[in-house]
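*Asks:* Add chain B to chain A, keeping to what the hints say.
There are 2 protein chains.
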Amino acid sequence: MKKFINHVDTLLDESLRGFAKAHQDLVDLNPEPRFVRRRQPPSAGKVALISGGGAGHEPLHTGFVGRGMLDAACPGQVFTSPTPDQMLSAAQAVESGGGVLFIVKNYAGDVMNFEMAAEMLDCPVETVLVQDDISLPREHEIGRRGVAGTLVVEKILGAAAEEGADLGRLKSLGDRVADATVSIGVALSGCTVPALGGPTFDLPPDKTEIGVGIHGEHGREVADFASATEIVKTLCVAIEEEIRPSPGQKVLLHVNGLGSTTLMELYLVYELAHEFWTRLGVAVHRSLVGNYTTALDMAGCSLTLTLLDDELIRLWDAPVLTPALRWGC
Amino acid sequence: MKKFINHVDTLLDESLRGFAKAHQDLVDLNPEPRFVRRRQPPSAGKVALISGGGAGHEPLHTGFVGRGMLDAACPGQVFTSPTPDQMLSAAQAVESGGGVLFIVKNYAGDVMNFEMAAEMLDCPVETVLVQDDISLPREHEIGRRGVAGTLVVEKILGAAAEEGADLGRLKSLGDRVADATVSIGVALSGCTVPALGGPTFDLPPDKTEIGVGIHGEHGREVADFASATEIVKTLCVAIEEEIRPSPGQKVLLHVNGLGSTTLMELYLVYELAHEFWTRLGVAVHRSLVGNYTTALDMAGCSLTLTLLDDELIRLWDAPVLTPALRWGC
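Protein chains in written order, with my numbering: chain A, 1 to 329; chain B, 1 to 329.
With the rest of the complex left out, here is chain A:
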């Protein structure tokens, strides 16, 4: 494994220290238990938004801590859930009278540990579960995974929380955004997990993994490698069959790189997806293209579509000032 690393056991801490120094105007790092919190104090009574999950998906979630998005993020080791004491300490540090909202990607470890933290907290707590990955059927026994759509939930809830929405309102808004958001990914390669020293799975040179998870989980099918147009069509058709957007429906189209796919390719994928939706009469009203929810150095990308209404557009457009996402500030 040829990576910039000293030791698997120190990778996360060394990296977080660098992250906190590089963004010291925006965030503070609590080293033990590990969490990153926003530096700019929220207004009194603001609901504290907290997310977290295994590292290896950077900039998610630590890169989204700051004004207009998360109040704190709890990183676990690579592809490993953070522990309840991280969420508990983070919540105690940033709660400022309005209660706590956890934004949780649907993985068994994350769900269990956030639940334990919620039980230990002595303030009002709600949880929004993100399960945007449509590669698994809705009735799958472990449910659908949370992937790149998590960013959309965090951005929109962050804006609403900044405006003073209360906990009940944020919970219902979060559930609504999560329901309106679907994603599906495709891998062209596996990714190198530091603790393994190698890839989580191998793809033959002529194959792609349609519906891959952000930890390299098996998706819908191993398909023959094809042109970008054909791959993008496969992903868009899967989304279309899931949500059947009406003509005129406004959507956010998010093309997310999984790690080692070039921006040049991601913009090409965006162009092809934009064409697909436009031909169906769907209005691509907002967009985001780049590496936001990665799977270490996996080659591949995902498409996320969020059905928008005027409220969601306003909240998406609201100012945000974080290490990885910033506009209007």
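Do not rely on the hints blindly, as some may be mistaken.
Taking CB as the label site, the calculated pair distances span [stated by the list, open to error]:
1) Asp-179(B) <-> His-140(A): 57 to 63 Å
2) Glu-32(B) <-> Glu-32(A): 56 to 62 Å
3) Met-1(A) <-> Asp-179(B): 53 to 59 Å
4) Ile-313(B) <-> Glu-241(A): 50 to 56 Å
5) Val-222(A) <-> Pro-247(B): 55 to 61 Å
6) Trp-327(B) <-> His-140(A): 28 to 34 Å
7) Ala-195(A) <-> Lys-207(B): 21 to 27 Å
8) Asp-166(B) <-> Gly-248(A): 47 to 53 Å
9) Asp-179(B) <-> Val-237(A): 52 to 58 Å
10) Ile-142(B) <-> Val-237(A): 48 to 54 Å
11) Ala-195(A) <-> Cys-123(B): 33 to 39 Å
12) Asp-206(A) <-> Phe-201(B): 22 to 28 Å
13) Cys-329(B) <-> Glu-32(A): 33 to 39 Å
Residues of chain A placed beyond 12 Å of chain B at every Cβ, according to the derived structure [claimed, not checked]:
14) Ser-15
15) Asn-30
16) Pro-41
17) Ser-43
18) Ala-44
19) Gly-45
20) Met-116
21) Ile-142
22) Lys-171
23) Asp-175
24) Asp-179
25) Asp-206
26) Arg-244
27) Leu-266
28) Leu-307
Hints listed in this document are in silico derivations from the structure and should not be mistaken for laboratory results. Every residue gets a Cβ at the ideal spot worked out from N, C-alpha and C, and that includes glycine.
*Replies:* Just chain B, lined up with the frame of chain A:
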């Protein structure tokens, strides 16, 4: 070659169309001859800043078009210089009475083609040549290459141009920033050039290329793979021997990913470089970490150091609103 691509000949155009659609609030694409221009009209008499070069380094340069940075960027095919008619058309489109400043990375094709465009233009033109890559000796016959430090020159000149600095002032400021900026990179792998269908060079599993160029050019030496601490020390020592910053000197430290290196690693590299400079008494006063000047999907990174003074700090901090770099707006 497993990439998101339809055909090598259409890759750049399809990608640029997607880029322009995703950032239609900020930029316009001129398809033939190819250039990207800022959408927000500059104030009358502002010097027009134009850069360009081969594609494959995204977001450089197209991602830096917008308020407070470039007025236009001319992308060539992957790793291939744009043609003089691109620079000429771009200059004619965005010149608004203050003349034109070309910011050119030091590669023979780029230099020649920007020179030809300058000769054809019938308005005042100056050129700032960026040659920040210290991997080659200063007296090398083709001179030193322009790499990730180009972003620093573009950002600082963009801010000064927005403030109304005239062409002569921008030329001297640009030369000063270019002189104050040094970079050196390291590759852990080659990169996949679409037209070749494979890597520009192969590195054995136990080797790194110290001083690699952003097209995979051979650097200083092929070194044994080592710990992150040792690799970063090698890069920092090379920079230190070149510029010998005094204790107390304020610097901008830019860690740039070459394509497929994770953010987690880049922040770790930043942490180690920050430690190195801090131990020498150098003040890391500003920082930038991420994939800004890439070499397609190369694994690796570069370090850039710019010696700062109060004026450069003020211009670095000034508002910028482009697809890839934005703050203060």
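*Asks:* Just pull the numbers of the violated hints for me, sorted ascending.
*Replies:* The structure breaks hints 3, 6, 11, 14, 25, 27; every other hint is satisfied.
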